[in-house]
Structures are given as C-alpha cells and as structure tokens.
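There are 2 protein chains.
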Amino acid sequence: MNLYPDVIGPPGASQRRAIAKAITLLESTRAEHRAQADELLTALLPHTGQSFRLGISGVPGVGKSTFIEVLGLYLIALGHRVAVLTIDPSSTVSGGSILGDKTRMEQLSVHPQAYIRPSPSSGTLGGVAEKTREAMLVCEAAGYDVVIVETVGVGQSETAVAGMTDMFVLMQLPNAGDDLQAIKKGVMELADLVAINKADIDALAAQRAQLQITSAMQLLGLFGPHDDAHWRPQALLLSALGGQGIDGFWAAAQQFQRLQTANGNWQARRQQQSLAWMWERVDAGLKQAFRQHPQVQALLPQLLQDVAAGRIPASTAARNLLSAQYP
Amino acid sequence: MNLYPDVIGPPGASQRRAIAKAITLLESTRAEHRAQADELLTALLPHTGQSFRLGISGVPGVGKSTFIEVLGLYLIALGHRVAVLTIDPSSTVSGGSILGDKTRMEQLSVHPQAYIRPSPSSGTLGGVAEKTREAMLVCEAAGYDVVIVETVGVGQSETAVAGMTDMFVLMQLPNAGDDLQAIKKGVMELADLVAINKADIDALAAQRAQLQITSAMQLLGLFGPHDDAHWRPQALLLSALGGQGIDGFWAAAQQFQRLQTANGNWQARRQQQSLAWMWERVDAGLKQAFRQHPQVQALLPQLLQDVAAGRIPASTAARNLLSAQYP
Numbered sequence: 000m001n002l003y004p005d006v007i008g009p010p011g012a013s014q015r016r017a018i019a020k021a022i023t024l025l026e027s028t029r030a031e032h033r034a035q036a037d038e039l040l041t042a043l044l045p046h047t048g049q050s051f052r053l054g055i056s057g058v059p060g061v062g063k064s065t066f067i068e069v070l071g072l073y074l075i076a077l078g079h080r081v082a083v084l085t086i087d088p089s090s091t092v093s094g095g096s097i098l099g100d101k102t103r104m105e106q107l108s109v110h111p112q113a114y115i116r117p118s119p120s121s122g123t124l125g126g127v128a129e130k131t132r133e134a135m136l137v138c139e140a141a142g143y144d145v146v147i148v149e150t151v152g153v154g155q156s157e158t159a160v161a162g163m164t165d166m167f168v169l170m171q172l173p174n175a176g177d178d179l180q181a182i183k184k185g186v187m188e189l190a191d192l193v194a195i196n197k198a199d200i201d202a203l204a205a206q207r208a209q210l211q212i213t214s215a216m217q218l219l220g221l222f223g224p225h226d227d228a229h230w231r232p233q234a235l236l237l238s239a240l241g242g243q244g245i246d247g248f249w250a251a252a253q254q255f256q257r258l259q260t261a262n263g264n265w266q267a268r269r270q271q272q273s274l275a276w277m278w279e280r281v282d283a284g285l286k287q288a289f290r291q292h293p294q295v296q297a298l299l300p301q302l303l304q305d306v307a308a309g310r311i312p313a314s315t316a317a318r319n320l321l322s323a324q325y326p
Numbered sequence: 000m001n002l003y004p005d006v007i008g009p010p011g012a013s014q015r016r017a018i019a020k021a022i023t024l025l026e027s028t029r030a031e032h033r034a035q036a037d038e039l040l041t042a043l044l045p046h047t048g049q050s051f052r053l054g055i056s057g058v059p060g061v062g063k064s065t066f067i068e069v070l071g072l073y074l075i076a077l078g079h080r081v082a083v084l085t086i087d088p089s090s091t092v093s094g095g096s097i098l099g100d101k102t103r104m105e106q107l108s109v110h111p112q113a114y115i116r117p118s119p120s121s122g123t124l125g126g127v128a129e130k131t132r133e134a135m136l137v138c139e140a141a142g143y144d145v146v147i148v149e150t151v152g153v154g155q156s157e158t159a160v161a162g163m164t165d166m167f168v169l170m171q172l173p174n175a176g177d178d179l180q181a182i183k184k185g186v187m188e189l190a191d192l193v194a195i196n197k198a199d200i201d202a203l204a205a206q207r208a209q210l211q212i213t214s215a216m217q218l219l220g221l222f223g224p225h226d227d228a229h230w231r232p233q234a235l236l237l238s239a240l241g242g243q244g245i246d247g248f249w250a251a252a253q254q255f256q257r258l259q260t261a262n263g264n265w266q267a268r269r270q271q272q273s274l275a276w277m278w279e280r281v282d283a284g285l286k287q288a289f290r291q292h293p294q295v296q297a298l299l300p301q302l303l304q305d306v307a308a309g310r311i312p313a314s315t316a317a318r319n320l321l322s323a324q325y326p
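Chains as they are written, first to last, in numbering that gives the first Met the number 0: chain D, 0 to 326; chain P, 0 to 326.
Don't read these hints as lab results, they were simulated from the structure. Check the hints yourself; a few may be wrong.
Sample of chain P residues facing chain D (criterion: CB under 7 Å; computed from the structure) [claimed, not checked]:
no.	residue
1	A30
2	A34
3	D37
4	I182
5	V306
Glycine included, C-beta positions come from ideal geometry on N, C-alpha and C.
Isolated chain D, as found in the complex (with noise of 0.2 Å):
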C-alpha cells in the first residue's frame, strides 16, 4: 500500500484517509512498519516545511482548546488549511488523550480545512515527540500551512514541542489574587510570546500579569539585541471566548515569521531543530542499549545502591559501567 500519492494529492475524503494511515504507520512498534514509515517520510519530506508551525502550551484551565478552536476557524476564513497535533505524555498512563478529545473543538474538528489529531498514547516522551514530530511532516506534505502542537504543561512536554515549533506561545491566566500564578521552571524561557486569556474577566489583573510577566522575561535576559531586526517576547492580552484579540495574535505571529524569516532564524532553528532532534534520537538509542547490555544489567542495581549510600564514588561508577559495555 503506497500512501504517498493520497497524502500529497488534492485535499477530500482519500486524503484524509491516507494521512490517517500514514500517521498511525509511524505510530507503530513493529519494525517493517517503521522501515515503510521511514521511506514514506524520505519521500514525503520534499513535500514538507512550507506550515507555519505553532507550538501552544498551558496548564489545564486556561483555555487552549477554545483559543485553538478560535484561532483555527480564523485562519481557515483567511484561506489555511490547519492541522492540530497534541502531546499528551500523561495519555501513557490514562489510556487514552483527554487533549486530543475531538470534541473539545466542536467546530474545528469536523471542518473540512482541519485535521486534528490526539496524541500518541504510548512510549516515552521522547517516542510520543518523535511520533509527532513526524506526523507534522505527513500534514505538511498533505498541504496544511499552519500546523499547531499542543501540549499540557507535563514533564518535558514543553520543551519538546518548542523544540519542533518555529514559534512556542505559553497561554497564562491573569490572576485574581495578587500573585501570578507560577510558571513551570524553565518554561518561560522557551517562549516567543505569552498569551493572556481570559483578559476580559478583569482587565486590571490583566494588565498587571502582562506587565508582571514582560518584566520577568526582561530580567531573565530573553530579551535580544535592541533593535529591529530582533523579535522581542511579548505578552499580549486575548480573550479566546469572547473573540477578542485573535486578530491581534495573529498579527504578532506574523510579525514574528517576518522578523525571523528576514534575520535568518526561522530557517536556522528549523536545521537546528532537526540536528537536535537526531542527537536527542541518538542518545535515547544509545541509552537503551546501553540498559540492555547483559553485563550492565548485572551490574547496575548494586552500583546504584553503592552510589546513592555514598560507598563508591559516581564517576568510578560510570567508568564501571561503561568499562562493561566496551571492555
């Protein structure tokens, strides 16, 4: 069965069928699957990185499914096609993606112009990635030009999907108390813009989380070059619901694909993204190899008794073990 005409032929019923196969091809665990997904993907690649490709990430409660649906419709009307994607690593454990609920975007998922799909819901997150990552890549050949991953602030989701996005959007709360709500460590360092919903319950709160936040990601050295030619996180206000500042959004995403388009960036993440991305692939290879190893697995669980009591020290520890894989 060869999916690549239907994945990258017009746009109906046979193709959606195909993308459908093709993705849960590379979904799958078995190993001539996976050499039919790889030359698939070699083949469909040409076909790939014309999308704009939107990371959007939040903790549940702040409104990513109605923004998402919102923004989508938007950009549909002005002639996009958008594909949803979702990293759900906590789907391993419940069976089944609350995120990619289809029905969580009622008008969304049954539009013609938009294919979503749910998260992988099983591997690691480093396997749930890769699986999206190259489900992107069958949307792309498929002719979709804004491709939005979606995550749910759960171990390292974060960072995996800023890592395969040309733009990560953090979506906030204004608080109704004094203080922000947290924000996971490390997250706020990974995002070109952070996106306030809700702002329309109350403005004030809004305005102050806004200024809250851009003085954090000033102090926090996320600022570049002062000039024009660099693109300067920015906190907008947005109400998803109301529809309010969608347009606005859209506006800075823009700008933004500009800016980094013009100063070499956009393609520059992208081909660091991709050499991230196979060395990241490399290393949980190596990694699980290196668990396999017989002698290892001998070796381990006393080693790590000895290390955590304070018997041997870590680094004699290392050379031992990796003194039993390359003797």
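Assemble the complex: chain D is given as a structure, and chain P must be docked to it using the hints.
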C-alpha cells in the same frame, strides 16, 4: 605512593602537599593514574560528605572573589576550615584560570585554614566538573567543612556547580539604571539564594532589585509549599567590600541547612546529585564511544548535511546511525 594517610591526617604542610598531589593525580589523563585516583577516592569516600558544599556563581565584576575572601575569613574566625574550588571552562581556552588566580583572595589564599585550588585547565565542561567534584571529596576527607565551588557564567557551568553543591547562590548587582542586568537563561531556576552585592552603593536600586528578583522567582514557580518546613529562595542584600551582610548571608545559609536537613532534602539532594552525576558520566562516555565508532564516523558527515538540508528525516538519520553501531 599512598596519599591516603596524609590526606586524612592532621592539618599542616604534609596534608596540603598530599591534597595537591591527590588532585593532580585525579586530573591526570593517564590510565594508570586514573586507576590510582579511583582507588584513592574510594578509600577517601567514608571520610567525605560532612561539609557544607556552597556553590557561588555570577558574572565577572559582580564581586565573587571579594565575597569569597570575606566570607572565608569570617567562617575561619568561626572555627571552620574553608576550601575554595573553581570551575572555569574558559580556562581551557585561555590556558590558565583567571578565576583560580590566588592573588584574587590575598588573605584567604595564605591562610593555614584555607585551601584554594584553581579550575582544571583542560577538558570539556563535563570533565572539568568531574575533576572538581572529585577534588571536593579530597578536601572533605582532609577535614575542610565548608567547600565553596565558584564559577563564572560560562556555558553550562552553573548547572554543573548547582549539581554538586548543597546550596547554590547567584550573585547579582543592583543595576544603576531602571533595568536589572539580565540573568542567564535557566540560571535563576537553580538559585537557592540570590545575593545582591554592592548594595551599599545605591540602597534604593538594591531594594528595587531585591523586589524585582523576588517577584520573578515567585512567577517562575521557584517557591515550594507555603509552610515553615520548606525553604523559599530569597534575595539578600550585601556588600562584600564593606563587609556588610556577611553574617546575614551565613545565617540564611545555616537556616537553609537546618530546614533541608529536617525535611530530608539535604540528603536526598546529595543522593540525586550522585546518581545524576553517574548517569551524566555514563552518557558522556556512550556519546564519545559512539562518535569514535568507525562506521558512525563514516556515515556522520553526509547524514548531518542531509538532515540539515531537509533531505532525510532526523529520526530516520538517528536510526541509521544507531544501526551502524548496533548492526
């Protein structure tokens, strides 16, 4: 030559010589030295672990040396013995460690109760950090009960220092202008305490900096549970040159130690550090062996180009490389 008795022996000239020789031994890259060093470290290990491991970071000019000199003399006056180690990966390039220059700490460097050792001047950050971590164990076995590990903000050196110390302190300056100087990405997350130095020069600016940093730490979720059993990172004002705030700093450090010991985090952090360190060294070894594998070396240049140019999916390239090492 068995260095063990002199290292754990009484303080004095023989011990100093033994410490220096031990550290030189473990910095050696010769295989037989490495075996001797591992043997020595394992013998010393039961005598280690009783010190307060204090990490200090900050950009050049923030006043780290002055602070360490003043703090070190203060601690010696309280009856402590103080070792100062540095991690300066840039010394690999400059051929000598600026940080380790003993003339920076005039009184401390000649004090019989102090031991100062510059950064190892060759190797990767991982290698330099490993040697510093091991030097710390040697100093502990020799009875130094405060070990200060200092670094300048180069590359990932802060992460390395935070990963080998009980308390990580980030030194900052109160900025003369409206904005604080930017903090390096990800470093704020590591800080157990921020020390704002030179606070006597402009008290108002220092207080504003204190507020801004506290607010940013809150926003970043660096504060744990709201109870008395958990440490909340704080920003302290001090003037190392004026000798102001040193007692307050040490009181905070001791309070940190009391809380962390009582709630079990002190020991848990050390165990995690040892295990993380073991895995970090294993990973480094696996990567090195991988990159030296002839088949990998043969494939890699072309694959890197193909991935960067978008001709081969990153995940496919990773699988190709892995099957070169594990056919």
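For which of the previously enumerated hints does the structure constitute a violation, in increasing order of number? 1, 2
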